Amino acid sequence: MKTYLYIAKLRMQTMLAYRMEVLTYTIMQALIMLSVGFFWKAAYGGTQVAHGVTGNSMITYTVISAIMGSMYYMGVEDRISDAVKTGSIATDMIKPVNLFGMYLAEDMGNLVICFFRSTLPIFIVALAIFGLPVPASPQHFLLFIPSFALGYGINWTFSALFAMIAFTAIDLGPAFSVKYHFVNMLSGAMIPIWFFPAWLRTAVNCLPFVYMFQTPLGIYIGKYDISESIRALGIQAIWLAVLTVMVIIAQKRIEKRVLVQGG
Amino acid sequence: MPVIEVNHLVKQFKTVKKEKGLKGAVKGLFKAEKKIVTAVNDISFSIEKGEIVGYIGPNGAGKSTTVKMMSGILSPTSGEILINGISPEKDRKSVVKQLGVVFGQRTQLYWDLRLGESFELLRRIYNVDDDTFNRNMKMMDDILNISSIIDTPVRQLSLGQRMRGDLAAAMLHSPDVLFLDEPTIGLDVDAKHAIRRFIKEINAERQTTVILTTHDLGDIQELCKRIIIINNGVIVEDGSLDDIAERIAPYRQLIVEFYSEHEIPHPKAEIIKSEGAQTVYRFRKDEITAAELMSDIGKQAKIKDIRLEEANIDDIIRIAYNSNS
Amino acid sequence: MKSLRHYLSVALLSARLSVQSCFEYPAAFIGWLISNPIQFLVAFATIRFVVMEFNDLAGWDYKQLAFLYGVSILSHGLSVIFFSKTWWMGYQIIHGELDRLRLRPMNTLFQFLLGELNIFGITDLIPGIILFIYGCCAVDFRWTLYNTFCMICTVIGATFLRGGIYLILGSLTFWSKSPMHISGFMQEIFNRTNMYPLTMYPRVVQIIFTFVLPVSWVCFYPATEFLGKDSMITLPYGMPFITLAIGILLFAISCRVFRAGFTQYESAGS
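These protein sequence lines map, in sequence, to chains A, B and C.
Residues are numbered in the working numbering as their position in the first sequence, beginning at 1, plus a constant of 8.
Residues are numbered in the working numbering as their position in the second sequence, beginning at 1, plus a constant of 1.
Residues are numbered in the working numbering as their position in the third sequence, beginning at 1, plus a constant of 1.
Calculated from the structure, these hints are not laboratory results.
Just so you know, these numbers come straight off a predicted model, no measurement behind them.
It cannot be assumed that every hint is accurate.
Unchecked claim - Residues from chain C that face chain B, not an exhaustive set, calculated with beta carbons under 7 Å: (1) Val11; (2) Ser22; (3) Glu54; (4) Asp100; (5) Arg101; (6) Arg105; (7) Glu267.
Claimed, not checked - In silico DSS-like links for lysine-lysine, alpha-carbon gap of 25 Å or less: (8) C:Lys178 - A:Lys49; (9) C:Lys178 - B:Lys35; (10) B:Lys15 - C:Lys178; (11) C:Lys230 - C:Lys64; (12) B:Lys274 - B:Lys305; (13) A:Lys264 - A:Lys103; (14) B:Lys50 - B:Lys94; (15) C:Lys3 - B:Lys98; (16) C:Lys178 - C:Lys86; (17) A:Lys49 - C:Lys64; (18) A:Lys187 - C:Lys86; (19) B:Lys139 - B:Lys201; (20) B:Lys91 - B:Lys50; (21) B:Lys201 - B:Lys98; (22) B:Lys193 - B:Lys226; (23) B:Lys303 - B:Lys269; (24) B:Lys94 - C:Lys64; (25) C:Lys3 - B:Lys94; (26) B:Lys201 - B:Lys226; (27) B:Lys15 - B:Lys50; (28) B:Lys286 - B:Lys274; (29) C:Lys3 - B:Lys91; (30) B:Lys286 - B:Lys303; (31) B:Lys36 - B:Lys15; (32) C:Lys178 - B:Lys36; (33) B:Lys269 - B:Lys286; (34) B:Lys50 - B:Lys201.
The beta carbon of each residue, even a glycine, is placed where N, CA and C say it ideally should be.
Sequences are here, hints too, so could you generate the full structure?
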């Protein structure tokens with residue numbers, strides 16, 4: 009455990025080194041949040057309720073989505089693609105720590121840093137412009153916490169899996185870009201899936217993306233009642249389990265490949 | 002009129018100081034300390050047409066910085082550079098038309114394209130007419146065997162091939178002056194030989210002035226009639242290799258082998274090594290001749306064999322490097 | 002005149018070579034050709050789904066928003082081809098990779114911008130053109146001589162406006178000595194101020210992006226004129242010309258900044 013704590017600390021140190029980037033990234037996140045918030049204000053206009061959600065709830069949705077997004081920093085993606093590109097994956101695998109344990113420890117380090125450098129500033133900006141993003145009820149807030157953690161897990165395992173699959177592709181830049189935009193759209197991070205046409209909604213519900221963002225967000229604003237929320241948590245847990253198993257399988261396959269080809 | 006004149010040249014850089022550890026990283030987030038480093042500190046020299054000058058010094062001495070200022074890449078902090086009477090800072094375009102510049106560490110060729118395409122582009126950039134272009138290409142082909150690699154994408158060339166391509170590219174517009182920054186770095190013996198031959202030939206045939214920086218003392222021995230040694234941004238020596246050796250290391254070594262073990266001291270020579278029947282004496286040429294020393298020693302013990310060695314170029318350079326640090 | 006022909010011949014050959022080197026990486030090209038349209042499609046779908054629900058966004062209906070977005074993305078595609086190298090010039094400045102520009106007897110900025118075009122930008126330009134045509138058809142844009150002229154002014158002005166700001170931001174690394182990755186940030190601002198009607202933002206935001214950082218001129222203001230929409234500024238005509246003027250002015254400023262920056266260039270790394 010101490011090893012992993014140290015890895016997390018090292019990671020925090022390197023993250024802090026990118027001074028300017030840190031600042032501009034956070035400002036960018038905050039600006040996107042504001043833009044989307046005003047977008048909802050303008051869209052609702054005189055309308056009170058759409059799909060059972062008020063305009064104010066949609067702004068809360070947007071703020072919490074930005075806060076979650078600022079904490080979902082998936083360093084594992086870069087780490088795996090770098091390791092594959094430079095060939096260091098072979099040496100990494102013989103290190104006496106679990107590779108994915110190491111990456112997860114690093115991302116926990118990232119999470120702490122992100123909380124201070126992005127989440128807090130974004131929260132303060134949101135507070136100043138849109139006011140406090142209040143949850144639907146204390147029960148909803150309590151259910152939101154585990155749902156958020158599960159959402160993080162789904163996002164993390166999916167990122168790891170995607171990086172491992174994508175490295176067989178020749179150019180990673182476009183692949184990651186496609187993934188980013190798909191997740192952005194299909195997870196409900198930007199607009200909730202309930203605005204989608206019915207056929208698309210049905211398809212999207214069969215994919216893991218909505219469980220990264222929309223499920224915790226829907227719980228937070230009270231789109232789902234308590235029993236619906238608990239069921240959603242269950243589905244999230246199933247997705248996390250499925251993705252974890254897939255990551256393990258993919259890792260075994262890569263290990264075999266590295267051993268055979270020598271990296 | 003000299004081809005190159007450098008007067009009281011100074012170059013300073015600002016660098017950001019980074020602190021170690023998590024604490025340093027947090028501190029760097031708010032305030033970064035700046036430090037001024039003087040890379041070139043008041044240097045002056047002038048170079049005549051047709052000279053081949055070795056510009057040498059230890060790593061970080063300011064060699065590349067000087068070359069980059071002379072070729073117009075960097076602006077001097079103060080001081081003046083004139084290439085054929087023109088300052089690269091004031092009229093960069095006129096100056097660079099007369100220059101060929103090659104950096105051993107970084108190619109100026111287009112990475113993804115065939116070598117020939119880089120030449121074609123350069124020919125347009127420098128407005129080289131067909132006759133000159135063909136004549137130059139032919140000469141480059143004769144010396145560097147360019148035609149064997151001209152259709153290969155630059156990224157697929159070996160280091161030696163790429164250097165040949167870079168040299169040819171630098172000569173396409175028939176420059177008067179050639180700056181070569183570590184042209185033989187990382188090359189094998191054959192490639193080094195080809196590049197030295199190239200430098201000699203263009204110098205002989207076209208009177209091209211060549212300034213080269215290098216860490217390879219073979220380059221210097223073979224090519225340079227004059228060397229300028231720079232250390233910590235200051236010129237410490239300027240002259241022919243022989244003159245410099247005469248001044249800073251006027252020693253020779255006499256290696257004497259006796260029939261049996263002896264240790265015979267001499268007032269004008271120093272014994273630096275004595276092993277078995279062999280003794281190494283070091284002496285100054287202006288104090289005693291080799292013949293005198295040999296006969297003095299020979300009077301005391303019977304000599305079987307002798308060998309005379311000049312000061313080693315490695316030693317000379319090392320002494321020069323250390324003289325100002 | 003002779004020098005103009007010289008520059009033109011180098012620019013044309015450079016463009017041809019840029020295309021050739023781009024085709025050295027067909028997989029990457031195809032990858033971006035798939036990925037970039039998806040990005041616009043996603044942004045576009047967002048607008049469509051929401052506006053279909055609420056009928057309009059700050060008084061702009063779906064077709065008008067499609068037109069706005071189409072014009073914006075067209076100039077984005079053009080700016081990627083001609084100016085995207087400014088996005089990573091910070092890295093090049095730090096690692097001393099701009100030496101070559103100084104060694105050739107031609108204008109430094111000319112070589113920098115036109116020496117190596119980003120042909121990959123075609124993967125942005127193609128969806129840009131498609132969206133542009135779609136948007137123009139959606140609002141039934143009248144291609145009269147005058148309107149066509151105004152549209153050309155808008156697109157050229159918008160491309161220079163984007164490029165000028167990118168170049169100024171990129172050149173800041175000459176002084177800061179550490180690369181600043183603010184291009185993504187800037188792209189986001191361009192997008193956010195031209196994808197939605199600017200009038201949906203609070204007044205102070207509108208003032209900033211109109212007068213302080215004039216990014217809304219990229220296509221929001223010209224579009225208000227083309228479509229007869231209200232905005233903070235009401236002019237009977239002339240918005241496209243203001244866009245062109247701002248674009249050229251910003252580009253001229255960026256040239257100065259770039260040139261001044263080069264005196265600080267350190268060519269580190271070897």
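Each hint tested on the structure:
Checking Val11 (chain C) against chain B: minimum C-beta separation of about 5 Å stays under 7 Å; hint holds. Nearest Cβ of chain B to the Cβ of Ser22 (chain C): about 4 Å, under the 7 Å cut. The hint holds. For the restraint placing Glu54 (chain C) at the interface with chain B, the shortest Cβ-Cβ distance is roughly 43 Å, beyond the 7 Å limit, so the hint is violated. Annotation: interface hint on Asp100 (chain C) holds; nearest CB of chain B at approximately 5 Å, less than 7 Å.
Nearest Cβ of chain B to the Cβ of Arg101 (chain C): about 5 Å, under the 7 Å cut. The hint holds. Residue-level restraint check for Arg105 (chain C) holds (minimum Cβ-Cβ distance to chain B is 5 Å; threshold 7 Å). With a cut of 7 Å, the hint placing Glu267 (chain C) at the interface with chain B holds, because the nearest CB-to-CB distance is about 6 Å. Note on Lys178 (chain C) and Lys49 (chain A): the hinted pairing is violated, with a Cα-Cα distance of about 41 Å set against a maximum of 25 Å.
Taking the CA atoms of Lys178 (chain C) and Lys35 (chain B), the gap is near 11 Å; set against the 25 Å cutoff, the hint holds. Our distance criterion of 25 Å between C-alpha atoms is met by Lys15 (chain B) and Lys178 (chain C), whose separation comes to about 9 Å. A hinted pair counts as satisfied when its Cα atoms are at most 25 Å apart, and Lys230 (chain C) with Lys64 (chain C) qualifies at roughly 13 Å. Taking the CA atoms of Lys274 (chain B) and Lys305 (chain B), the gap is about 17 Å. The hint holds against a cut of 25 Å.
A distance of roughly 16 Å separates the Cα atoms of Lys264 (chain A) and Lys103 (chain A); the hinted pair therefore holds under the 25 Å criterion. In summary, the hint linking Lys50 (chain B) to Lys94 (chain B) is supported, as the alpha carbons are separated by about 21 Å, within the 25 Å threshold. In summary, the hint linking Lys3 (chain C) to Lys98 (chain B) is supported, as the alpha carbons are separated by about 17 Å, within the 25 Å threshold. Restraint check for Lys178 (chain C) and Lys86 (chain C): the C-alpha separation of about 18 Å stays at or below 25 Å, so the hint holds.
Proposed proximity of Lys49 (chain A) and Lys64 (chain C) is supported: the alpha carbons are some 20 Å apart, at most 25 Å. For the given pair, Lys187 (chain A) sits about 24 Å from Lys86 (chain C) by alpha-carbon distance, which is consistent with the 25 Å threshold. This hinted pair checks out: Lys139 (chain B) and Lys201 (chain B) have alpha carbons roughly 17 Å apart, not beyond 25 Å. A distance of roughly 22 Å separates the Cα atoms of Lys91 (chain B) and Lys50 (chain B); the hinted pair therefore holds under the 25 Å criterion.
For the hint pairing Lys201 (chain B) with Lys98 (chain B), the CA-to-CA distance comes to about 22 Å; that is within 25 Å, so the pair holds. At roughly 18 Å between alpha-carbon atoms, Lys193 (chain B) and Lys226 (chain B) fall within 25 Å of each other, so this suggested pair holds. For a cut-off of 25 Å, the pair hint linking Lys303 (chain B) to Lys269 (chain B) stands: about 20 Å separates their Cα positions. A C-alpha spacing of about 52 Å is found between Lys94 (chain B) and Lys64 (chain C), which places the hinted pair above 25 Å, so the restraint is violated.
For the proposed pair Lys3 (chain C) and Lys94 (chain B), the alpha carbon gap of about 16 Å is at most 25 Å, so the pair holds. For the hint pairing Lys201 (chain B) with Lys226 (chain B), the CA-to-CA distance comes to about 12 Å; that is within 25 Å, so the pair holds. Distance restraint check for Lys15 (chain B) and Lys50 (chain B): the Cα-Cα separation of roughly 35 Å exceeds the 25 Å cut-off, and the hinted pair is therefore not satisfied. Only pairs whose Cα atoms come within 25 Å are accepted, and Lys286 (chain B) paired with Lys274 (chain B) is accepted, the gap being roughly 19 Å.
A threshold of 25 Å between alpha carbons decides the hint, and for Lys3 (chain C) with Lys91 (chain B) the separation of about 22 Å falls inside it, so the pair holds. The hinted pair formed by Lys286 (chain B) and Lys303 (chain B) meets the criterion: a straight-line CA distance of about 24 Å does not exceed 25 Å. Of the supplied pair hints, the one linking Lys36 (chain B) and Lys15 (chain B) holds, its CA atoms being roughly 6 Å apart against a limit of 25 Å. Restraint check for Lys178 (chain C) and Lys36 (chain B): the C-alpha separation of about 12 Å stays at or below 25 Å, so the hint holds.
Distance hint between Lys269 (chain B) and Lys286 (chain B) is fulfilled; the C-alpha atoms sit about 10 Å from each other, no more than 25 Å. Simply put, Lys50 (chain B) and Lys201 (chain B) have alpha-carbon atoms about 14 Å apart, close enough for the 25 Å limit, and the pair holds.
Figure legend: structure checked against the earlier numbered hints; hints not met, in rising order: 3, 8, 24 and 27.
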